[in-house]
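Take these sequences, add in the hints, and give me the full structure.
Numbering (full-length UniProt numbering), first residue to last: 1 to 168.
Hints were generated in silico from the structure; no laboratory data involved.
Glycine included, C-beta positions come from ideal geometry on N, C-alpha and C.
Some clues are possibly wrong.
[What the hints assert, rightly or not] Just the calculated beta-carbon pair ranges, DEER-fashion:
(1) Gly-158 <-> Pro-16: 29 to 39 Å
(2) Ser-116 <-> Ser-52: 22 to 32 Å
(3) Val-157 <-> Trp-82: 37 to 47 Å
(4) Tyr-163 <-> Ile-11: 28 to 38 Å
(5) Pro-35 <-> Trp-82: 10 to 20 Å
(6) Ser-54 <-> Arg-92: 18 to 28 Å
(7) His-111 <-> Ala-48: 18 to 28 Å
[What the hints assert, rightly or not] Below 25 Å or equal to it, Euclidean Cα-Cα: the simulated DMTMM-like pairs (lysine to aspartate or glutamate) are:
(8) Lys-60 <-> Glu-98
(9) Lys-57 <-> Asp-165
(10) Lys-60 <-> Glu-4
(11) Lys-137 <-> Glu-125
(12) Lys-57 <-> Asp-87
(13) Lys-150 <-> Asp-87
(14) Lys-130 <-> Glu-98
(15) Lys-77 <-> Asp-138
(16) Lys-137 <-> Asp-87
(17) Lys-60 <-> Asp-165
(18) Lys-60 <-> Asp-91
(19) Lys-60 <-> Asp-87
(20) Lys-150 <-> Asp-91
(21) Lys-57 <-> Glu-4
(22) Lys-77 <-> Asp-55
(23) Lys-150 <-> Asp-55
(24) Lys-137 <-> Asp-91
(25) Lys-57 <-> Asp-79
(26) Lys-77 <-> Glu-4
(27) Lys-137 <-> Glu-98
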Amino acid sequence: IVTEVLPQALINQLFPQQRAYVTSRLIGNYFRLTPDNRLLFGGRARFAMSNSSSDAKSGKVLQAAMVQMFPQLAHVKVDYCWGGLVDMTSDRLPRAGEHNGVFYSMGYSGHGVQMSVHMGQVMAEVMEGKAQANPWKDLNWPAIPGHFGKPWFLPLVGAYYRYQDSRH
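The structure is reproduced here in structure tokens:
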């Protein structure tokens, strides 16, 4: 989700460093300010396929999480809401490299907001010929056991992650 433009005083209070942030939970959240002083707040809100109804429900879940983390934003309007699928690797590590002249970086497993910035820098170094810069280049691509077609297992994964998060 993305909020309406925030007042500068509120930005200074909540985000004095104006960095990108991510929580450490399995079902975590990430957030950062946009260049026009809105808050982008996201995360894995629901374990369901993406469609307009599901995405609207996810937006409400994210808004509640945002307000729980930042009560000062309780009356801030959400201007944008969208959803989509998350790519996941079986070991939750990204994959990056080059294939037939095409450079790629993917498989962030729900951590793309922060990891893609780092991987962009890594892949720029790889493109400059600094091959040692890419620690993910030799990782294999094992399939996720039982995964074919639609991700039928999402509710099970969600329940497992919620259980794990409740233990910490």
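Evaluation of the provided hints:
{"no.": "1", "hint": "Gly-158 <-> Pro-16: 29 to 39 Å", "in the structure": "holds (34 Å)"}
{"no.": "2", "hint": "Ser-116 <-> Ser-52: 22 to 32 Å", "in the structure": "holds (26 Å)"}
{"no.": "3", "hint": "Val-157 <-> Trp-82: 37 to 47 Å", "in the structure": "violated (21 Å)"}
{"no.": "4", "hint": "Tyr-163 <-> Ile-11: 28 to 38 Å", "in the structure": "holds (36 Å)"}
{"no.": "5", "hint": "Pro-35 <-> Trp-82: 10 to 20 Å", "in the structure": "holds (18 Å)"}
{"no.": "6", "hint": "Ser-54 <-> Arg-92: 18 to 28 Å", "in the structure": "holds (23 Å)"}
{"no.": "7", "hint": "His-111 <-> Ala-48: 18 to 28 Å", "in the structure": "holds (20 Å)"}
{"no.": "8", "hint": "Lys-60 <-> Glu-98", "in the structure": "violated (39 Å)"}
{"no.": "9", "hint": "Lys-57 <-> Asp-165", "in the structure": "holds (21 Å)"}
{"no.": "10", "hint": "Lys-60 <-> Glu-4", "in the structure": "holds (15 Å)"}
{"no.": "11", "hint": "Lys-137 <-> Glu-125", "in the structure": "holds (13 Å)"}
{"no.": "12", "hint": "Lys-57 <-> Asp-87", "in the structure": "holds (20 Å)"}
{"no.": "13", "hint": "Lys-150 <-> Asp-87", "in the structure": "holds (13 Å)"}
{"no.": "14", "hint": "Lys-130 <-> Glu-98", "in the structure": "holds (13 Å)"}
{"no.": "15", "hint": "Lys-77 <-> Asp-138", "in the structure": "violated (45 Å)"}
{"no.": "16", "hint": "Lys-137 <-> Asp-87", "in the structure": "holds (18 Å)"}
{"no.": "17", "hint": "Lys-60 <-> Asp-165", "in the structure": "holds (20 Å)"}
{"no.": "18", "hint": "Lys-60 <-> Asp-91", "in the structure": "violated (30 Å)"}
{"no.": "19", "hint": "Lys-60 <-> Asp-87", "in the structure": "holds (22 Å)"}
{"no.": "20", "hint": "Lys-150 <-> Asp-91", "in the structure": "holds (20 Å)"}
{"no.": "21", "hint": "Lys-57 <-> Glu-4", "in the structure": "holds (19 Å)"}
{"no.": "22", "hint": "Lys-77 <-> Asp-55", "in the structure": "holds (17 Å)"}
{"no.": "23", "hint": "Lys-150 <-> Asp-55", "in the structure": "holds (17 Å)"}
{"no.": "24", "hint": "Lys-137 <-> Asp-91", "in the structure": "holds (15 Å)"}
{"no.": "25", "hint": "Lys-57 <-> Asp-79", "in the structure": "holds (15 Å)"}
{"no.": "26", "hint": "Lys-77 <-> Glu-4", "in the structure": "holds (6 Å)"}
{"no.": "27", "hint": "Lys-137 <-> Glu-98", "in the structure": "holds (8 Å)"}
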